[in-house]
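Please arrange chain D on chain X, whose structure you already have, making use of the hints.
Line by line, the protein sequences are chains X and D. Just add 3 to the spot in the first sequence (first one is 1) and you have my numbering. Every letter in the second sequence is one number past the one before it in my numbering, and letter 28, counting from 1, is 26.
Read the hints as simulated data drawn from the structure, not as lab findings. Don't be surprised by glycine CBs; every beta carbon is placed ideally from N, CA and C. Certain hints may be false.
Just so you have them, the derived chain D footprint on chain X, three or more residues with Cβ under 8 Å [to be verified]:
| no. | stretch |
| --- | --- |
| 1 | 24 to 34 |
| 2 | 48 to 55 |
| 3 | 65 to 72 |
With a straight-line Cα cutoff of 35 Å, these simulated DSBU-like cross-link-like pairs (lysine-lysine) come out [said to hold, decoys possible]:
| no. | chain 1 | residue 1 | chain 2 | residue 2 |
| --- | --- | --- | --- | --- |
| 4 | X | 56 | D | 39 |
| 5 | X | 56 | X | 41 |
| 6 | X | 44 | D | 101 |
| 7 | D | 65 | X | 22 |
| 8 | D | 65 | X | 12 |
| 9 | D | 96 | D | 35 |
| 10 | X | 21 | D | 54 |
| 11 | D | 65 | D | 101 |
| 12 | D | 65 | X | 21 |
| 13 | D | 101 | X | 22 |
| 14 | D | 55 | X | 21 |
| 15 | X | 12 | D | 66 |
| 16 | D | 55 | X | 39 |
| 17 | D | 96 | X | 39 |
| 18 | D | 66 | X | 21 |
| 19 | X | 44 | D | 1 |
| 20 | D | 66 | X | 41 |
| 21 | D | 1 | D | 39 |
| 22 | D | 65 | D | 54 |
| 23 | X | 39 | D | 38 |
| 24 | D | 66 | X | 22 |
| 25 | D | 65 | X | 41 |
| 26 | D | 1 | D | 35 |
| 27 | X | 25 | D | 38 |
| 28 | X | 43 | D | 55 |
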Amino acid sequence: DTEVTQTPKHLVMGMTNKKSLKCEQHMGHRAMYWYKQKAKKPPELMFVYSYEKLSINESVPSRFSPECPNSSLLNLHLHALQPEDSALYLCASSQDQEAGVRGNIQYFGAGTRLSVL
Amino acid sequence: EDKVVQSPLSLVVHEGDTVTLNCSYEVTNFRSLLWYKQEKKAPTFLFMLTSSGIEKKSGRLSSILDKKELFSILNITATQTGDSAIYLCAVETGGSEKLVFGKGTKLTVNP
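Here chain X stands alone, though its shape is the one from the complex (with noise of 0.2 Å):
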């Protein structure tokens, strides 16, 4: 089982208005990912949780805040959103780096599609 679960898949939001996507994974991986692909580019990484751990933060505005609850699951809080920040937000997850496992496969979830109005 590869499955990487996000809900909701579709999401309208305001500017004013706070919301939160959600990820969940039941692989045992210790690492989680979010991503942002806008409509004909390569997926974008925003934040990597590695153990629990926020790892890599890609400069991304504090508009976007990320959570990892537990080892499962991974969250991201919308606050205060642009309607350019309006795109596909993937959510992957992969076994360890430090596991010494030669390359890493991320395996992604199907996505939240974002408007904001």
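For chain D alone, coordinates are given in the frame of chain X:
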């Protein structure tokens, strides 16, 4: 700066054709190269390549890596309309969990 370049960016073929997609890279501390297929939403994993010259194969798809010349190819034989998708190449660099993605090749297979 780490860089992954895919070519062509777009390709239109007829069912039954064979296609070759290219991926070249310039990265520090190469660890692995991955191919993904993206239809409407989630990129789905196809292959991970770490060693030169060893072909990975899955049905009509195959891929190989050349670490000396810094490129990989993805071959699809006897293409079907269901192969229509964007094919993403990504390189994993050692010492970080980052994937560096290419811009993708959009493949359209017409009946």
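Inset, instruction - Would you check the hint for residue 55 of chain D and residue 39 of chain X, treating anything up to 35 Å between C-alpha atoms as holding? - result: Holds. Residue 55 of chain D to residue 39 of chain X sits at ~30 Å (cutoff 35 Å).
Legend entry - Distance restraint between residue 12 of chain X and residue 66 of chain D, which requires alpha-carbon spacing of 35 Å or less: Not satisfied, since the Cα-Cα distance of roughly 42 Å exceeds 35 Å.
Inset, instruction - Test coverage of the stretch 48 to 55 of chain X by chain D using CB-CB distances below 8 Å; three residues minimum. - result: With 3 residues closer than 8 Å to chain D, the stretch 48 to 55 of chain X meets the three-residue bar; holds.
Legend entry - Straight-line alpha-carbon gap residue 65 of chain D to residue 41 of chain X, limit 35 Å: holds (31 Å)
Inset, instruction - Take the C-alpha atoms of residue 21 of chain X and residue 54 of chain D, compute the straight-line distance between them, and say whether it is at most 35 Å. - result: violated (45 Å)
Inset, instruction - Take the C-alpha atoms of residue 43 of chain X and residue 55 of chain D, compute the straight-line distance between them, and say whether it is at most 35 Å. - result: holds (27 Å)
Legend entry - Satisfaction of hint between residue 21 of chain X and residue 65 of chain D, Cα-Cα up to 35 Å: violated (47 Å)
Legend entry - Restraint check for residue 56 of chain X with residue 41 of chain X, where alpha carbons must lie at most 35 Å apart: holds (27 Å)
Legend entry - Straight-line alpha-carbon gap residue 55 of chain D to residue 21 of chain X, limit 35 Å: violated (46 Å)
Legend entry - Given hint residue 54 of chain D paired with residue 65 of chain D - CA-CA distance at most 35 Å: Answer holds: residue 65 of chain D to residue 54 of chain D is near 15 Å, not above 35 Å.
Legend entry - Pair hint outcome, residue 96 of chain D versus residue 35 of chain D [Cα-Cα no greater than 35 Å]: holds (18 Å)
Inset, instruction - Please work out if residue 1 of chain D and residue 35 of chain D have their alpha carbons no farther apart than 35 Å. - result: Since the Cα atoms of residue 1 of chain D and residue 35 of chain D sit roughly 20 Å apart, the hinted pair holds (cutoff 35 Å).
In summary, the numbered hints that this structure violates are 1, 3, 7, 8, 10, 12, 14, 15, 18, 24.
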